[in-house]
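According to this note's numbering, the stretch in the sequence shown is residues 80 to 303, in order.
Hints are supplied without guarantee of correctness; some may be wrong.
Simulated restraints, written as ranges between beta carbons of each label pair [said to hold, decoys possible]: (1) Asp-106 to Glu-207: 22 to 28 Å; (2) Arg-180 to Asp-106: 18 to 24 Å; (3) Glu-115 to Gly-217: 44 to 50 Å; (4) Gly-165 to Gly-290: 18 to 24 Å.
Derived from the structure by calculation, the hints contain no laboratory data.
Backbone N, C-alpha and C define an ideal beta-carbon position, used for all residues, glycine too.
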Amino acid sequence: MDTETEPPRRGRPRRGREPLSRPRIVDAAMALAEAEGVERLTMRGVAKRLGVDAMSLYNHVANRDALLDAITEAVLAGLRLPAPSGDLDADVRAVAHAFRRTALRHPRCAPLVLTRQLDAPAALGPTEAVLAVLDRAGFQPDRAVRALRTSLAFLVGSLLREVSAGPAFSGADVEGAGRRETELTASGLPHVVAAAPHLAVCDHDAEFEFGVDALVAALAAVRG
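Whenever a hint applies, use it, and build me the whole structure from the sequences.
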């Protein structure tokens, strides 16, 4: 009697399993990306996670690039932005924290949202939300666009750093900074030396709040 296990079939679920679909593929891809990193995400890896033949994925997703777009759209779909109240301070803070919550919920997929450009209308949802806040606050369209880009520049830079997609000083640098104290003192960089204890640690919550405070103050100053 032949007991060899039958390999997964293309697009055909094993008995009792949910049929293969685009949402299932995207969910599996997101989970894999969060576990291993987006850079290691492959169609074959997603198929293995789902227990199907890799070629079956192409019935639902054109290629890896399209899969990355789908992940980006899925993360954006979870971004819950409040309706503008007309209070610039409260609205900007609400939007900023909504972006941060989403980034921290998907830390390894977040860089896709923050750096990848999508053609899908869903990608314009956050832009619409921020422009609505600025419109309610009295910004004319041209100044609203500039304020939008300034706001996104802060959010992208801050959140990329926080999810470790960009360079950052962190608590892990404390020991190294101590070893380099002599070199720093002799470096001819007095301001770096003076700030070294603070550069060696990073309180993401406090730094994000500081940045939001600065952003709100700047937007209030240029409104009109």
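Results for each hint:
{"no.": "1", "hint": "Asp-106 to Glu-207: 22 to 28 Å", "verdict": "26 Å, holds"}
{"no.": "2", "hint": "Arg-180 to Asp-106: 18 to 24 Å", "verdict": "19 Å, holds"}
{"no.": "3", "hint": "Glu-115 to Gly-217: 44 to 50 Å", "verdict": "47 Å, holds"}
{"no.": "4", "hint": "Gly-165 to Gly-290: 18 to 24 Å", "verdict": "23 Å, holds"}
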